[in-house]
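Student: Work out the full structure: start from the sequences and follow the hints.
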Amino acid sequence: MNRFLIPFGLFIVVVGFLAVGLTLNPRELPSPLVGKAAPEFSLQQLHDPEKVISSNDLKGKVWLLNFWASWCGGCKEEHPVLIRIAQSGEVPIYGMDYKDQRSEALAWLKEWGNPYQIVAVDEPGRVGINYGVYGVPETYVIDKAGVIRYKQIGPIREDILEKKILPLVRELQKQ
Amino acid sequence: MFILFLPGLAMAYEAQPLATNPQAEARLKALAVELRCLVCQNQTLADSNAPLAEDLRREVREMIAKDMSDKEIIDFLVTRYGDFVLYRPPWKLTTTLLWLGPFLLLGVGATGLVFALRRRQKKVTDVTLSEAEHTRVAKLLSEGVHRP
Chain A
1 MNRFLIPFGL
11 FIVVVGFLAV
21 GLTLNPRELP
31 SPLVGKAAPE
41 FSLQQLHDPE
51 KVISSNDLKG
61 KVWLLNFWAS
71 WCGGCKEEHP
81 VLIRIAQSGE
91 VPIYGMDYKD
101 QRSEALAWLK
111 EWGNPYQIVA
121 VDEPGRVGIN
131 YGVYGVPETY
141 VIDKAGVIRY
151 KQIGPIREDI
161 LEKKILPLVR
171 ELQKQ
Chain B
1 MFILFLPGLA
11 MAYEAQPLAT
21 NPQAEARLKA
31 LAVELRCLVC
41 QNQTLADSNA
51 PLAEDLRREV
61 REMIAKDMSD
71 KEIIDFLVTR
81 YGDFVLYRPP
91 WKLTTTLLWL
101 GPFLLLGVGA
111 TGLVFALRRR
121 QKKVTDVTLS
131 EAEHTRVAKL
141 LSEGVHRP
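Just so you know, the protein sequences line up as chains A and B, in that order. So in the numbering used here, spot 157 of the first sequence is number 157, and the numbers just go up one at a time. So in the numbering used here, spot 147 of the second sequence is number 147, and the numbers just go up one at a time.
Mixed in with the good hints, there may be bad ones.
Derived DSS-like pairs: lysine-lysine, alpha-carbon spacing no greater than 27 Å straight-line [as the list claims (entries may be wrong)]:
1) A/Lys36 with A/Lys174
2) A/Lys36 with B/Lys29
3) A/Lys36 with B/Lys71
It should be emphasised that the hints constitute simulated quantities derived from the structure, not laboratory data.
Tutor: Following this line, the structure appears as structure tokens:
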């Protein structure tokens with residue numbers, strides 16, 4: 001009995017490591033930007049190329065910054081959730097059209113609906129790099145002082161919205 | 001998330017170096033093999049054709065043109081993407097196990113081996129032969145290698 005104890009113990013340890021390791025999503029990297037000031041940007045607006053949208057204009061309120069693109073499948077998936085947030089009016093969503101073409105982005109929003117207050121155009125993906133974006137959709141919760149408080153990698157699901165994003169937004173709005 | 005970049009990958013082509021300045025390109029190459037492409041995580045920035053990797057190479061190229069040091073360029077990427085962009089993770093409290101783990105396992109294995117060998121050695125004890133056995137061995141040896 002005793003001689004099986006050590007191999008059995010090792011087996012349990014390995015199973016433990018695998019049980020945790022295999023359920024982690026390697027695509028979800030912790031962002032070093034959470035808790036830091038959101039990188040500033042000043043970009044052309046999608047619907048009105050004459051106008052500029054700047055991150056400084058958004059200071060003083062809690063807002064969501066959603067990186068999306070018309071070519072991105074996950075964006076289509078989370079789109080109904082964004083529409084629902086927009087309809088509830090709880091928190092404004094600003095879009096960042098990431099590495100996309102204007103005409104296609106406009107057509108996409110026309111077809112599926114526009115949940116955004118304003119959409120900024122990041123065609124070369126530079127603002128995306130400043131925010132550490134590596135796959136769209138990605139969504140940032142930014143507080144009144146312009147600090148990133150949360151980063152959602154991948155589509156926002158209903159449960160993430162209800163359990164993480166909205167409670168955080170409400171908390172930040174009280175501050 | 002990989003799938004999201006498929007439309008871009010479909011158009012992917014061989015990573016093209018902008019051979020404007022061979023010295024700058026050599027620096028870019030040296031840096032890019034140390035950096036991870038975040039989209040296809042097992043490729044370096046030098047290997048990858050993902051659109052993001054192209055953008056990041058462009059950023060690095062521009063930083064080289066601005067005469068920034070390697071450390072400044074790497075810091076730029078680490079502040080945005082975290083230590084994960086580095087193929088050689090830095091020595092930190094959280095990475096101690098990562099760096100020491102293999103040596104630790106080697107140590108455990110070696111100790112186990114030493115103990116196992118010692119235990120086996122104890123089992124091998126000299127067997128004393130009786131007088132009759134000695135004469136039999138002598139007789140067999142004197143017969144030589146002779147098989148019927």
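Student: Are the hints correct? Go through all of them and say.
Tutor: Structure-based check of all given hints:
no. : hint                  : in the structure
1   : A/Lys36 with A/Lys174 : holds (20 Å)
2   : A/Lys36 with B/Lys29  : violated (31 Å)
3   : A/Lys36 with B/Lys71  : holds (21 Å)
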